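There are 2 protein chains.
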Amino acid sequence: LTLSSAGGDIPSAGILNVGDELLSGLTTNTNGTWLGLRLSELGFDVVWRAAVPDRIGSIEDGVLEALNKVDCLIVTGGLGPTPDDLTREGVAEALGLELVPHEDTLSALRERSRLLGMDRLPEGATRMALAPPGATLIPNPHGAAPGLMFEAAGRLVVLLPGVPREMRDIFSSRLESWLRDRFHGRLRSEVHRLVLTAGIPESRLAEEIGPLTETGPGTVSVAFLPHQCGVKLRLTARGFRDRREAEGWLDGVESSLEPVLGAYRYHAPTGDLAEALGMRLRSARKTLAVAESCTGGLLAKSLTDHPGSSEFLLGGVVAYSDAAKIGLLGVPRAVLVERGAVSRQVAVAMAQGVRERLGADAGIGITGVAGPGGGSPEKPVGTVWYAACLGGTTESRTFQFPGDREAIRARASWAAMRLLLRLMDGNRP
Amino acid sequence: LTLSSAGGDIPSAGILNVGDELLSGLTTNTNGTWLGLRLSELGFDVVWRAAVPDRIGSIEDGVLEALNKVDCLIVTGGLGPTPDDLTREGVAEALGLELVPHEDTLSALRERSRLLGMDRLPEGATRMALAPPGATLIPNPHGAAPGLMFEAAGRLVVLLPGVPREMRDIFSSRLESWLRDRFHGRLRSEVHRLVLTAGIPESRLAEEIGPLTETGPGTVSVAFLPHQCGVKLRLTARGFRDRREAEGWLDGVESSLEPVLGAYRYHAPTGDLAEALGMRLRSARKTLAVAESCTGGLLAKSLTDHPGSSEFLLGGVVAYSDAAKIGLLGVPRAVLVERGAVSRQVAVAMAQGVRERLGADAGIGITGVAGPGGGSPEKPVGTVWYAACLGGTTESRTFQFPGDREAIRARASWAAMRLLLRLMDGNRP
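Here the protein sequences come in this chain order: F and E.
Just so you know, our numbering puts 71 at position 71 of the first sequence, and the rest follows in order with no gaps.
Just so you know, our numbering puts 57 at position 57 of the second sequence, and the rest follows in order with no gaps.
The hints are simulated quantities; they were obtained by calculation from the structure and are not laboratory data.
Hints are not guaranteed to be accurate.
What the hints assert, rightly or not - To list a few chain E residues with every Cβ distance to chain F over 10 Å, as calculated:
id, residue
1, ILE10
2, TRP48
3, ARG282
4, PRO402
Stated by the list, open to error - No more than 30 Å apart at the CA atoms, straight line, and that leaves these computed lysine-lysine pairs for DSBU-like:
id, chain 1, residue 1, chain 2, residue 2
5, F, LYS379, E, LYS69
6, E, LYS69, F, LYS286
7, F, LYS69, E, LYS69
These figures come from a predicted structure and were not determined experimentally.
Beta carbons are placed, not taken as given, at the ideal position from N, Cα and C, and that holds for glycine.
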């Protein structure tokens, strides 16, 4: 949910990326992402972005569409010397502008080709010096094609080369400060804050939080982003006088959410629940050992993804076969036979067994049916038992996780981690 | 430069990605790239792509703009249960369609929320069952929000969830074949074939293969795609009369490459080396046990990512601490003290120890420094010893892998799998 962010006075920006390779998916449009982030941070409301092929008509359509919507349009790509570089022509066509050679740029291009050992400027290259009369040409330190900037119909239009390094450098070194000057006083920068939750579905979270009522000098909005092991809340403060004021209001909103989120919230720089568990264990100076059946090493792998895991993880056992459960973990054969490998008793015996054998403070055991085979009417695919023990306390749970093998394994491993976090916190639901 | 690909009879496709986070650059638009690639491969001319914010008016504008240009429009994102999910409403507004509850979808959503332990369907969630009358709802195996497909003004409009995994699965499992049927005879497909290699760098592979000379009625080209555990070769046949003719020429090219590729090639439907090793072990009816230190469960996790892994993987041990190496694997304490934990002797003792303790045919042991801490002048970060044993043969290797923690762990695990594959094949270099 993003509450309406703005009165009409915040300048809007659009991005038009030109290139066949963007549409056929052979190249990821990193320019669009990068520019979106920089323009938002600068304080624009980025409301439109499109990719069009290297055709004059498509570029023309894209420009006209954009100028209906935005105060500032940035076009990338198609400024080079080859016949498929048609951005200048498409933009000029859309705006009814003529293109004339820019003398300083022509000289610079001639000098550049001389430095590269060519005896003359290749014919196509002269096109790179064409610009609408009165345009500002922006030198490109990393390539031949300069950027262009001009006003048309009360809008600012900027053309930048498509090579990411060239585009970024021109933006950061020159354009950004020009944009700040041109739209001075109207830009409203956004300040973001992420809050991580696990163990509560997106729809219930949205229901419990309800609409945000805080509006001071600006607005604070919340977006729900389903993510890996849970739901990320992104709080965004817009329209405040400065960053400090915005941070103050974000603090207020965050505190007001704490009663709802407390039980589900976790803290991890990367957003990963395994990192959160590792941080909790390290700060409590507790060690852990894990025993996995259906997750097959995923839990150990997740915990060891993060540097410093050797400080708390003593080791793990992947016990797929009954023999491994008996031999490596001391699960009694009688329990396996009577209760079956997917049972509370086996999950508990695995957690306690691996903890004892490795001399750890805490233990986790997971056993279940990840599928696609191996399900039965009593224990369908997705059925998982998991247990965590810490000190004298052992807790176990079962759940029938939805999804495919990958989802079931991931969800089982997150659920087991949440169970141990809960044991460590004492007060979680 | 892409030569004009089409007369007007090739169907055109457009992609509209909905989400504030795409415009503000907080999320990279991987859906747009992925869909562009798949639609191009399928034989569409992808001519338009745009990203718009989570606002009804913006979605409406985007749809109208697209339907001026394309025969098939795919919209992603904004189908979830929260109030910022507005794609259904925006599309309906643009096309003048009403939205009515789809009963089967409502039942499926109720069943799903019951499985997730909720006593009722949250209010917002019922919106996920809304669709224009007569639309086809496409079940989403990985999430709640279904896809939608319907005809409007002679165009095909498809709405897909924005979560990449859900979007991709719906596209691959259902939509692709429907699109093929709907635009039957007008699509001009390229035929691709992937050949998987591991253990040889891209530049050497390109050198050894040289330029492809085969050109018959069409052309076959090769692209080198560095990928996960090696380099994929993508062979592309273009301009052939039909798929069968193209496949015949691809067969010819593939055979001509075999003498160069044989030693490095592997076979796995998902492209994953772990799957290839699992398939080899299963077809040879051999069992495996693995012992990991620096890879921390990644090897076991990779092997168990694939269904049927219980047929060959008896189990694994993650032995981070010396105590775990001694207690769970029988690595002699004296060897750990004299040679250090990262040594040939320890890797071999881990491979043999885990194989014996679990009674497997084959064993793998990996020990190394994944970083960022733990390096020394003699054993810098990236130093890994790995060993594989099968029957009476044990082989071990060391390598100083480049990259960060994640890259080092992945590369070590692939190298160890290649070593065992080599032992199994007998004839690999």
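Next item on the list: Run the C-beta distances from PRO402(E) to all of chain F and say if the shortest one exceeds 10 Å.
Entry: holds, 17 Å
Margin query: With the threshold set at 30 Å, check whether the alpha-carbon distance from LYS69(E) to LYS286(F) stays at or below it.
Written below: Violated - the C-alpha atoms of LYS286(F) and LYS69(E) are around 61 Å apart, more than 30 Å.
Next item on the list: Please confirm whether ILE10(E) is truly not at the interface, meaning its C-beta sits more than 10 Å away from all C-beta atoms of chain F.
Entry: holds, 13 Å
Checklist line | Separation of TRP48(E) from chain F, once the least beta-carbon distance is taken, above 10 Å | finding: violated, 7 Å
Item checked: Straight-line alpha-carbon gap LYS379(F) to LYS69(E), limit 30 Å -> violated, 51 Å
Item checked: ARG282(E) non-interfacial with respect to chain F [C-beta, more than 10 Å] -> holds, 13 Å
Checklist line | LYS69(F) paired with LYS69(E) [C-alpha distance capped at 30 Å] | finding: holds, 19 Å
The structure fails hints 2, 5, 6 (numbered hints given earlier, in ascending order).
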